[in-house]
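Chain by chain, the residues run as shown.
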Amino acid sequence: MHEFAAAFATALRLIGTLDPDLVEIVGLSLRVSLSAVLAAALVGLPLGAALAAFRFPGRRVVVVALNAMMGLPPVVVGLVLYLLLSRSGPFGALGLLFTPAAMIAAQAVLITPIVAALTRQTVEDLLVEYDDLLRVLGTGPFHTIATLLMEARVSLATTVLAGFGRASAEVGAVMIVGGNIDHVTRVMTTAIALETSKGDLPLALGLGLILIVLSLAVNAAVSIIRDSARGSFV
Amino acid sequence: MLRRTFIAAAVAVAALSALPQAAPAADRFITVASTTSTEDSGLFKYLLPLFTAKTGVEVRVVSKGTGQAIDMARRGDADVLLVHHKPSEEKFVAEGYGVRRLPVMYNDFVVVGPKGDPAGIRGLKDVSKALARVAGAKAPFVSRGDDSGTHKAEQALWKAAGIDPAAAPGGWYKALGQGMGATLNAAAAMDAYTVADRGTWLSFKNRAGLDVVVEGDQRLFNQYGVILANPQKFPHIKAADGQAFIDWLVSSDGQKAIADFKINGDRLFFPNANEPGA
Numbered sequence: 001m002h003e004f005a006a007a008f009a010t011a012l013r014l015i016g017t018l019d020p021d022l023v024e025i026v027g028l029s030l031r032v033s034l035s036a037v038l039a040a041a042l043v044g045l046p047l048g049a050a051l052a053a054f055r056f057p058g059r060r061v062v063v064v065a066l067n068a069m070m071g072l073p074p075v076v077v078g079l080v081l082y083l084l085l086s087r088s089g090p091f092g093a094l095g096l097l098f099t100p101a102a103m104i105a106a107q108a109v110l111i112t113p114i115v116a117a118l119t120r121q122t123v124e125d126l127l128v129e130y131d132d133l134l135r136v137l138g139t140g141p142f143h144t145i146a147t148l149l150m151e152a153r154v155s156l157a158t159t160v161l162a163g164f165g166r167a168s169a170e171v172g173a174v175m176i177v178g179g180n181i182d183h184v185t186r187v188m189t190t191a192i193a194l195e196t197s198k199g200d201l202p203l204a205l206g207l208g209l210i211l212i213v214l215s216l217a218v219n220a221a222v223s224i225i226r227d228s229a230r231g232s233f234v
Numbered sequence: 001m002l003r004r005t006f007i008a009a010a011v012a013v014a015a016l017s018a019l020p021q022a023a024p025a026a027d028r029f030i031t032v033a034s035t036t037s038t039e040d041s042g043l044f045k046y047l048l049p050l051f052t053a054k055t056g057v058e059v060r061v062v063s064k065g066t067g068q069a070i071d072m073a074r075r076g077d078a079d080v081l082l083v084h085h086k087p088s089e090e091k092f093v094a095e096g097y098g099v100r101r102l103p104v105m106y107n108d109f110v111v112v113g114p115k116g117d118p119a120g121i122r123g124l125k126d127v128s129k130a131l132a133r134v135a136g137a138k139a140p141f142v143s144r145g146d147d148s149g150t151h152k153a154e155q156a157l158w159k160a161a162g163i164d165p166a167a168a169p170g171g172w173y174k175a176l177g178q179g180m181g182a183t184l185n186a187a188a189a190m191d192a193y194t195v196a197d198r199g200t201w202l203s204f205k206n207r208a209g210l211d212v213v214v215e216g217d218q219r220l221f222n223q224y225g226v227i228l229a230n231p232q233k234f235p236h237i238k239a240a241d242g243q244a245f246i247d248w249l250v251s252s253d254g255q256k257a258i259a260d261f262k263i264n265g266d267r268l269f270f271p272n273a274n275e276p277g278a
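Those sequence lines, one after another, are chains A and B.
Going by my numbering, the first sequence opens with residue 1, and the numbers climb by one from there.
Going by my numbering, the second sequence opens with residue 1, and the numbers climb by one from there.
Among the clues, some could well be false.
[What the hints assert, rightly or not] Estimated spans, in silico, between C-beta atoms of each pair:
id : chain 1 : residue 1 : chain 2 : residue 2 : range
1  : A       : Val43     : B       : Lys256    : 50 to 56 Å
2  : A       : Val213    : B       : Phe270    : 42 to 48 Å
3  : B       : Ile263    : A       : Phe4      : 23 to 29 Å
4  : B       : Thr52     : A       : Leu94     : 24 to 30 Å
[Unchecked claim] Chain A residues, not near chain B, derived (Cβ > 10 Å throughout):
id : residue
5  : Val62
6  : Ala65
7  : Val128
8  : Arg135
9  : Ala146
10 : Arg166
[To be verified] Below, a sample of chain A positions facing chain B; criterion: calculated Cβ distance under 8 Å:
id : residue
11 : Arg87
12 : Ile181
13 : Thr196
Note that these hints are calculated values from the structure, not bench results.
Only a predicted model underlies this, so the values are computations on that prediction, with no experimental measurement involved.
Every residue gets a Cβ at the ideal spot worked out from N, C-alpha and C, and that includes glycine.
Modelling step: build the complete structure from the supplied sequences, incorporating the hints.
Here it is, written out as structure tokens:
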């Protein structure tokens, strides 16, 4: 399987020479996925905590729906967003189609349910311990959510990482709303799809290797933070 | 202490990368809907910087199959359309979505197939006869199946041979619904025949056992046309810059640039903007 050896060599060459195209694509990929994760966390974390902490009619339906949305097909999300952002669509005047902003939106839509659903589960488990305490203290809703998120922050780090993983691995939605435009909306995954299309399999595989290493680096960084967090409790 | 520094740094990186990049001073660009054959062959990577250097207008190409590119232009999501199916292009203009269709360049389609050539069509000059033999031998054949210019051309060839391959029993005909590169990958993996445009074929790197088996038939002629989206229908269209791009493509500069694009000494596209009937 000479393609794997060639892929490894290609990846090393691209990284070693700091290939400008590669740097540009990696930069854009990080920018898009990190922005999407930020947006998803801002919405999903409080939403998940609220769902766990508060009771309201229809809560079970919302929980089930949120869990189901973790499996939203990316290509469908991309298509729907394309139709919404298209010039002949309702939000066409914003001119967001084929820009990184559209890609961030698509990824955010995909990972917010993941973040929210996993947060809900994590906080629900936490409430077993904290429910009585919070009731006794009589904390208001905002404080409740803030406290719960703060207490669960180490576990929630994994949740956010899951969101980042899903976002950076995604290709269907960003291909449709981004258009894989050279130097504008080409990210790691769409570049891999393009090189595969051109039959340059070693290059595609090499880019894939780099993407995996990138993901490892992000996860390693968070792990270091988490470990030192645990250390400080001792 | 270390942890806080780390977290602060991580948040800073995330925040910085979330900021929208500063827009370049001359932020002029047009959006061109084009085909996978022009993108995958590397033509645009070569051609577009020349236009941008001359005019300062960036060209953003979204490449899909011809059918999808036309649909995109119909929605007003493209300033310029550059595809290769004349009947569809003329319909686009006739329906008022485009201003005018101009010929730009041509190349040809080829039939590629496995070196073993189970249908025995290598060297045939009549492509429809060759396809008939493929059907007769029930040899594996993969089709773009995606409403692209190449797909429509392939369908026309089957029709000329009087065969409906999708209805043929035996499962030898496989419609993939993919771009040219992906289809060639599949043909290489399945040792199947397929119709490809010469541009993508020449720049394709995963040929495995595939080779050109049929070429040269007049019906394999592949003409590319360019159209400006109608600014009266789509007021937001960048008509001036889009027209500038079209003007450059058909000018002697643009035509020469197209002719100069070669891979391993082979020319991929032949400029013919000065052929009025093309």
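Hints, verified against the model:
A hinted range of 50 to 56 Å holds for the C-beta pair Val43/A and Lys256/B, which are about 53 Å apart. At about 43 Å, the beta-carbon gap between Val213/A and Phe270/B stays in the expected band of 42 to 48 Å. The hint said 23 to 29 Å for the Cβ distance between Ile263/B and Phe4/A, and at roughly 26 Å that hint holds. For the hinted restraint 24 to 30 Å between Thr52/B and Leu94/A, the CB-CB distance of approximately 25 Å keeps it satisfied.
Distance check for Val62/A against chain B: the nearest CB is about 28 Å away, which clears 10 Å, and the non-interface claim stands. Every beta carbon of chain B lies more than 10 Å from that of Ala65/A, the smallest distance being close to 28 Å; the non-interface claim holds. Every CB of chain B lies more than 10 Å from the CB of Val128/A, the least distance being 28 Å, so the non-interface label holds. Against the 10 Å criterion, Arg135/A stays outside the reach of chain B, whose nearest CB is about 32 Å from its own CB.
Separation of Ala146/A from chain B is adequate, the least Cβ-Cβ distance of about 18 Å exceeding the 10 Å criterion. Separation of Arg166/A from chain B is adequate, the least Cβ-Cβ distance of about 17 Å exceeding the 10 Å criterion. Below 8 Å, beta-carbon pairs count as interface contacts, and Arg87/A has one with chain B at about 4 Å; its hint therefore holds. The criterion of a C-beta within 8 Å of any C-beta in chain B is met by Ile181/A, whose closest approach is roughly 5 Å, and the hint holds.
Hint status for Thr196/A: holds, given a least beta-carbon distance of 7 Å to chain B, under 8 Å.
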